[in-house]
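First residue of the sequence shown: 1, per UniProt numbering; consecutive thereafter.
Mixed in with the good hints, there may be bad ones.
[What the hints assert, rightly or not] Here are the in silico distance ranges between beta carbons for each label pair:
id, residue 1, residue 2, range
1, PHE81, PRO156, 24 to 32 Å
2, LEU40, PRO70, 26 to 34 Å
3, ALA90, GLU119, 33 to 41 Å
4, ALA76, ALA53, 16 to 24 Å
5, ALA76, LEU151, 32 to 40 Å
6, THR159, LEU24, 25 to 33 Å
7, ALA10, THR159, 49 to 57 Å
8, ALA53, PRO156, 38 to 46 Å
9, PRO156, CYS51, 33 to 41 Å
Hints in this document: simulated from the structure, not taken from any laboratory. For clarity, every value in this text was computed on a predicted model and none was experimentally measured. Each residue gets a CB set at the ideal place from its N, CA and C atoms; glycine is no exception.
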Amino acid sequence: MRSPQTLLGAGTLGVGGLILAGALQLSSDAGYAGVGPNFLPLVVGAALLVCGAGLLWEARTGGYRNMEEPSGAESADWPGFVWVSVGILANAALITTIGFIFSCTLCFVCAVRGFHWAEGRRGIRPAAILKDALIGFCIAAPVYWMFTQLLAISLPGITSTGWL
1 MRSPQTLLGA GTLGVGGLIL AGALQLSSDA GYAGVGPNFL PLVVGAALLV CGAGLLWEAR
61 TGGYRNMEEP SGAESADWPG FVWVSVGILA NAALITTIGF IFSCTLCFVC AVRGFHWAEG
121 RRGIRPAAIL KDALIGFCIA APVYWMFTQL LAISLPGITS TGWL
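Whenever a hint applies, use it, and build me the whole structure from the sequences.
Here is the structure:
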């Protein structure tokens, strides 16, 4: 068990190092609020290096202690994974066509279907899909309005009013 744990720590260190190397290639010219475009990648890279070092130390000094048995199924639920993946890919593909609100609503509906599928609830009832769509809309619309109306950040919409 120590070998996979060591690989996880080493991999985390590697990703942190790559992010830091990439961040050092970015311009450090201060922009808004006095920070440049390399600030956040530097923070993320440094945090990954710290986490990777901690994981590696833990793995090499006896392994993850007091680790509980994993919960869940023995193997992945591929149909549920496909539902969630389709939702994310559809969101990315349709966001400029049907707008932020509707593409995020579709993503939410597909993700919920995937989670239900993974729980063994495989039936697709129109009432449940409508409920999921309404919930997704009620989450996506205020987010869209907050970004476009309050923060003046442009997100893809289907009208030029900034409300839909």
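Tested hints:
1. PHE81 - PRO156: 24 to 32 Å: Holds, since PHE81 and PRO156 (Cβ atoms, about 27 Å apart) stay within the stated range.
2. LEU40 - PRO70: 26 to 34 Å: With a Cβ separation near 32 Å, LEU40 and PRO70 satisfy 26 to 34 Å, so the hint holds.
3. ALA90 - GLU119: 33 to 41 Å: The hinted range 33 to 41 Å is violated for ALA90 and GLU119, with Cβ atoms some 22 Å apart.
4. ALA76 - ALA53: 16 to 24 Å: At roughly 30 Å between Cβ atoms, ALA53 and ALA76 fall outside 16 to 24 Å, so the hint is violated.
5. ALA76 - LEU151: 32 to 40 Å: For ALA76 and LEU151 the Cβ distance comes to about 38 Å; the hint holds.
6. THR159 - LEU24: 25 to 33 Å: violated (43 Å)
7. ALA10 - THR159: 49 to 57 Å: This hint holds: roughly 50 Å between Cβ atoms.
8. ALA53 - PRO156: 38 to 46 Å: Because 41 Å falls inside the window, the suggested range holds.
9. PRO156 - CYS51: 33 to 41 Å: holds (35 Å)
Checked against the numbered hints listed earlier, the structure breaks hints 3, 4 and 6; every other hint is satisfied.
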